[in-house]
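> Residues in the sequence shown are numbered consecutively from 1, following this note's numbering.
In case anyone wonders, no lab produced these hints; they're calculated from the structure. One thing to keep in mind: the hints can contain errors.
[What the hints assert, rightly or not] If you anchor each label on the Cβ, the simulated ranges turn out as follows:
| hint | residue 1 | residue 2 | range |
| --- | --- | --- | --- |
| 1 | G13 | K42 | 22 to 30 Å |
| 2 | R43 | R195 | 42 to 50 Å |
| 3 | R195 | K67 | 38 to 46 Å |
Glycine included, C-beta positions come from ideal geometry on N, C-alpha and C.
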Amino acid sequence: MQPVASIVALGGGSSQALTQLDATALACDMLSYGDDLFRRLKRAEAGSLLILLAENGHEPALAAAVKAASILRRRGGGEAAVVLPSIPALPGPRARHRLERAAQQIGGCLMQPVGAASWTDAVRCIVEPLAVFGLIGVDPREIHGLLRTRLALLHLWDDASLDSSLQDARDVLVSCRLRPSATLREVDAAATRVRTATAARLVLAGPEVPRDEGPDAIAAVFL
Numbered sequence: 001m002q003p004v005a006s007i008v009a010l011g012g013g014s015s016q017a018l019t020q021l022d023a024t025a026l027a028c029d030m031l032s033y034g035d036d037l038f039r040r041l042k043r044a045e046a047g048s049l050l051i052l053l054a055e056n057g058h059e060p061a062l063a064a065a066v067k068a069a070s071i072l073r074r075r076g077g078g079e080a081a082v083v084l085p086s087i088p089a090l091p092g093p094r095a096r097h098r099l100e101r102a103a104q105q106i107g108g109c110l111m112q113p114v115g116a117a118s119w120t121d122a123v124r125c126i127v128e129p130l131a132v133f134g135l136i137g138v139d140p141r142e143i144h145g146l147l148r149t150r151l152a153l154l155h156l157w158d159d160a161s162l163d164s165s166l167q168d169a170r171d172v173l174v175s176c177r178l179r180p181s182a183t184l185r186e187v188d189a190a191a192t193r194v195r196t197a198t199a200a201r202l203v204l205a206g207p208e209v210p211r212d213e214g215p216d217a218i219a220a221v222f223l
């Protein structure tokens with residue numbers, strides 16, 4: 001069976017981040033960085049989604065992500081997202097323009113985590129709704145369709161700057177990570193917050209997850 005996603009770490013920092021994720025629970029193939037990474041990619045079973053964890057937003061790092069995605073697409077891989085390291089605050093107009101231009105250059109979705117959001121949160125937000133049973137399920141085509149050539153900002157739910165990002169949103173993916181004691185009221189509250197802030201299309205998921213150190217909810221705001 002094709003993996004839900006191929007998650008590729010393109011450096012030491014992102015490889016360390018992979019150790020926080022359970023490849024079996026996520027039904028993913030995780031490939032850590034190393035001198036033989038591209039050789040391993042040429043033998044890997046490509047996932048229906050491709051998530052490339054870049055060490056920075058400079059041209060060589062983005063070129064490596066594009067190369068990895070190209071190899072996996074030739075092996076049957078699907079839509080790709082390149083995830084950058086987190087930045088402490090929302091990008092200003094000039095920084096956002098650079099990010100949007102970089103998304104056009106790589107020809108795919110470029111995801112920028114903000115504040116406490118991280119590489120692992122990007123994986124959780126995109127993959128858990130597809131791999132983990134949830135009280136609120138999603139059509140896989142909805143998530144695949146979000147990963148177009150554009151910029152996305154990734155926020156944890158308690159990040160106050162999320163509301164500012166929502167003002168410019170075209171699409172929003174919210175994953176409410178429901179622990180065993182959770183109720184649908186949490187999902188309803190998340191939907192209300194987003195719909196109060198924006199008329200953008202909302203894709204809402206509620207995967208049931210074990211008690212872990214991950215956030216309660218994550219939002220990807222597609223611009």
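> So, for every hint listed, does it hold in this structure?
Hints versus structure:
Between G13 and K42 the Cβ separation comes to about 24 Å, which falls inside the hinted range of 22 to 30 Å. Distance hint check: the CB atoms of R43 and R195 are about 45 Å apart, consistent with the given range 42 to 50 Å. Between R195 and K67 the beta carbons are some 40 Å apart, a value that agrees with the proposed interval 38 to 46 Å.
In summary, the structure agrees with every hint in the numbered list given earlier.
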